[in-house]
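For this one, chain A is given, so just place chain B on it according to the hints.
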Amino acid sequence: NAGVTQTPKFRILKIGQSMTLQCTQDMNHNYMYWYRQDPGMGLKLIYYSVGAGITDKGEVPNGYNVSRSTTEDFPLRLELAAPSQTSVYFCASSYSKSQGGVASPLHFGNGTRLTVT
Amino acid sequence: LAKTTQPISMDSYEGQEVNITCSHNNIATNDYITWYQQFPSQGPRFIIQGYKTKVTNEVASLFIPADRKSSTLSLPRVSLSDTAVYYCLVGGRNTGGFKTIFGAGTRLFVKA
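Residue numbers (this note's numbering), protein chains in the order written: chain A, 21 to 137; chain B, 35 to 146.
Looking at chain A on its own, in the form it has when it is part of the complex (with noise of 0.2 Å):
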């Protein structure tokens, strides 16, 4: 298994341009999250899936867009690149249920680093 797998690793962009930030897993996991990440900072959650069609906003969700077409991919869409989302993306899955009677666990891409200039 791949795990979480996120593309691409390094983006330079220019104010106003826009980007999706890809996202697919290999696990069945019913639930994907997107984060991003400030330097020093702890995660912060942009957008979440509980299963294909459907989509929700976390915490920090104003300037994203995200889509669920199918259980294993999750794009986080940039649509007018500014300076505040300079940031490291990690984009995550988990099971929906308890596995065994232990709270399911996220698990997480290794990140996209963005900057926008």
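These are calculated hints, taken from the structure and not from any lab test. Given the structure is predicted, the values throughout are model-derived calculations rather than measurements. There is no bait here: all hints are sound.
PhoX-like mimics (lysine-lysine), calculated; alpha carbons at most 25 Å apart, straight line:
1. A/K34 - A/K64
2. A/K77 - B/K37
3. A/K64 - B/K37
4. B/K103 - A/K64
5. B/K86 - B/K103
6. A/K77 - A/K64
7. B/K37 - B/K88
8. B/K103 - B/K37
9. A/K29 - A/K64
Quick look at chain B alone, frame taken from chain A:
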């Protein structure tokens, strides 16, 4: 959502045991306590999870007192490779990750 409080940073030496304590005073009855580890340029990685008393796996131990208002992650005999940020989270058993909040974590620095 239960808020957690952890020390911002800790230093240790190779071979020592490291204990990182997390406070979660308003933990709910059905909340689990989960710890993640994050190395530079990587996503967080699940370490251990518990509900009460003590849990041990091949990586760490987790101690949770009876009132569950705090928990302590114990890393036995740390090595340089344990230098990382450690996050304590609390969340419901069947709610998925969208109801867990990552704080700033504890930055552990292990010295030779």
